[in-house]
Amino acid sequence: MHWHDASEFFAMGGRGGFVWGAYGTMALLMAVEPLLARWRHRAARRAIAERMADEAAARAAAGERK
Amino acid sequence: MHAVTTTSTAPAARPRLSWFTFASPANFYRLAGVLGPAAGIIAAAFALAGLWMGFFVAPTDATQGEVYRIIFIHVPAAWLSMVLYVAMAFWAAIGWFLNARMAFIFARAIAPTGALFTLLALWTGSLWGRPTWGTWWVWDARLTSELILLFLYLGYMALVAAIDDTRRADKAGALLAIVGVVNVPVIYFSVIWWNTLHQGSSLTMGAQPHMASTMLVAMLLLTLACWAYAFAVVFVRARAIVLEREGDTAWARALVAQTNQGM
Chain Z
100 MHWHDASEFF AMGGRGGFVW GAYGTMALLM AVEPLLARWR HRAARRAIAE RMADEAAARA
160 AAGERK
Chain Y
75 MHAVTTTSTA PAARPRLSWF TFASPANFYR LAGVLGPAAG IIAAAFALAG LWMGFFVAPT
135 DATQGEVYRI IFIHVPAAWL SMVLYVAMAF WAAIGWFLNA RMAFIFARAI APTGALFTLL
195 ALWTGSLWGR PTWGTWWVWD ARLTSELILL FLYLGYMALV AAIDDTRRAD KAGALLAIVG
255 VVNVPVIYFS VIWWNTLHQG SSLTMGAQPH MASTMLVAML LLTLACWAYA FAVVFVRARA
315 IVLEREGDTA WARALVAQTN QGM
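Residue numbers (my numbering), protein chains in the order written: chain Z, 100 to 165; chain Y, 75 to 337.
Next comes chain Y alone, as it looks inside the complex:
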């Protein structure tokens, strides 16, 4: 990647509070160009370590046999689905109250990855539920609230895609994302609040985990892998959205002109 010398943005388009913790889109674009690939490499390393622990070190489960090994990806996917929703709603709220452009871009960039992990949590859970519970799906509190999370992600994506005016789309999406955040504690505490088929938490703060330490290490390694993966892919998507929105600025044009010359 070539170094960019032109960092000027169109003065009129600058957000009012751009000095407040937010890098300018130009600075973010360059920073994410370095951090994104780094996060991808970290994700691959943690994934390899976690898969090795999960399949070759962690023992067979006494009651569930080998099928329990789905937990090593099911729990990380479910955690990420909730964490990414909170992150999306957080940036949407920052965008809403501070009118910061980069915050809206982050919210939009997070949504598809969050939807992906929600879908994977449901899918891996279904494939685990069939052999252990005897059913692919049950309308209990944990599963239903996770399905609602998927609809919230898809609703957000459909809403921002349906409104042509970028600023209005950002604001409408932000409202949906912020209101939907009430669903996250419902998912998290559903196994405590209601009597569900879903098993209780594998990990509880301040308590001994209900699993062998090698199982726990495998699950945590794959959680870190998913986390790093999410950073990597969200950075790539956020860079794409920055260019989609900043196509008329001097820095974006200088960047494109420079790389096209180099090719």
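If we strip away everything but chain Z, and leave its shape as in the complex, we get:
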């Protein structure tokens, strides 16, 4: 290991802004993208559940009218 302490590690030889700017953005976006995909999946499930509930309600209403 060639870092003597934490501040030297974060300084990255005076180029810390560039190095951590690159790594930080990558980490952030790779954390957000799976969340967006999971939300989309959950929304798709919810849409099916709502459609089924609507259809059940419509069937119940049609049954009452008879």
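Since the hints were derived computationally from the structure, they do not count as laboratory data. Keep in mind that this is a model prediction, so the values were computed, not measured. Heads up, a few of these hints could be off.
[Said to hold, decoys possible] Short, incomplete list of chain Y residues facing chain Z, as computed with Cβ under 7 Å:
| id | residue |
| --- | --- |
| 1 | Ile147 |
| 2 | Leu196 |
| 3 | Trp197 |
| 4 | Val307 |
| 5 | Arg313 |
| 6 | Ala314 |
| 7 | Ala328 |
Built from N, CA and C at the ideal position, the CB exists for glycine as well.
Chain Z is already provided as a structure; the job is to place chain Y on it using the hints.
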């Protein structure tokens, strides 16, 4: 996750060549539900190993100092941006010629992840270029063709989102994706074909790599991490698209009914 007992799909909606290597959407949905999280765990493991190698084992670069460490994510992002485009165009072509529904779903599921890696390749490259070349951006062949790749991804996503009819949107997007694939070899060979500011390949088939072996291992570990990440997130998105399209089928409804009861 509950086991699904109903696997029947609407007979009329079955693709003509569904027996040809493609699992049905119902089977894919279940398989991806297992493979996706597994790929995510693999990605995290490779990422930890690669970051440790990259920051604590790989030495300081003799000419660039510490800032070169951006290479460990820049090169994987750039590779994935090209690999995912080829994968997207491949599935688009399969969808186009075999009229297979799952292929179009894969193409659509890959596009946002490909766009993300393209953006990250440009962004990390810019942050690396500023301290080493003295400029954030230059209109040279490598950078310009990578920017065109980003526009191809965004164009594909905008096009399929703009057309309401799913089948027509799939086909129009597929045409764009297939035509755009000519850009990928242009990116890859740009540093050879033109005299560019961008440095040459870090890795060339059949030649000694131009870097220390610990640097190379860090870069390859993070490439595997990005690859596994791409599988994980594309599987989640593909599952979402399957449900968006299969909402009227018996298997999807049974699945939703079962999980809602369990909650």
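Original post:
Against chain Z, with CB atoms and a cut of 7 Å, does the hint on Y/Ala328 hold up?
Top reply: Nearest chain Z Cβ about 10 Å off; hint violated.
Original post:
Does Y/Ala314 pass the interface check with chain Z, least Cβ-Cβ distance below 7 Å?
Top reply: 4 Å, holds
**OP:** With chain Z as the partner, please determine if Y/Leu196 meets the hint condition of a C-beta pair closer than 7 Å.
**Re:** 11 Å, violated
Subject >> Hint check: 7 Å Cβ-Cβ cutoff, Y/Trp197 to chain Z >> reply: 6 Å, holds
Original post:
Is the shortest C-beta separation between Y/Val307 and chain Z less than 7 Å?
Top reply: 5 Å, holds
Subject >> Interface hint outcome for Y/Arg313 [beta carbon to chain Z under 7 Å] >> reply: It holds, given that the least Cβ distance between Y/Arg313 and chain Z is near 6 Å, below 7 Å.
Subject >> Restraint outcome when Y/Ile147 is required to lie within 7 Å of chain Z by C-beta distance >> reply: 5 Å, holds
When held up to the earlier numbered hints, the structure conflicts with 2, 7 and fits the remainder.
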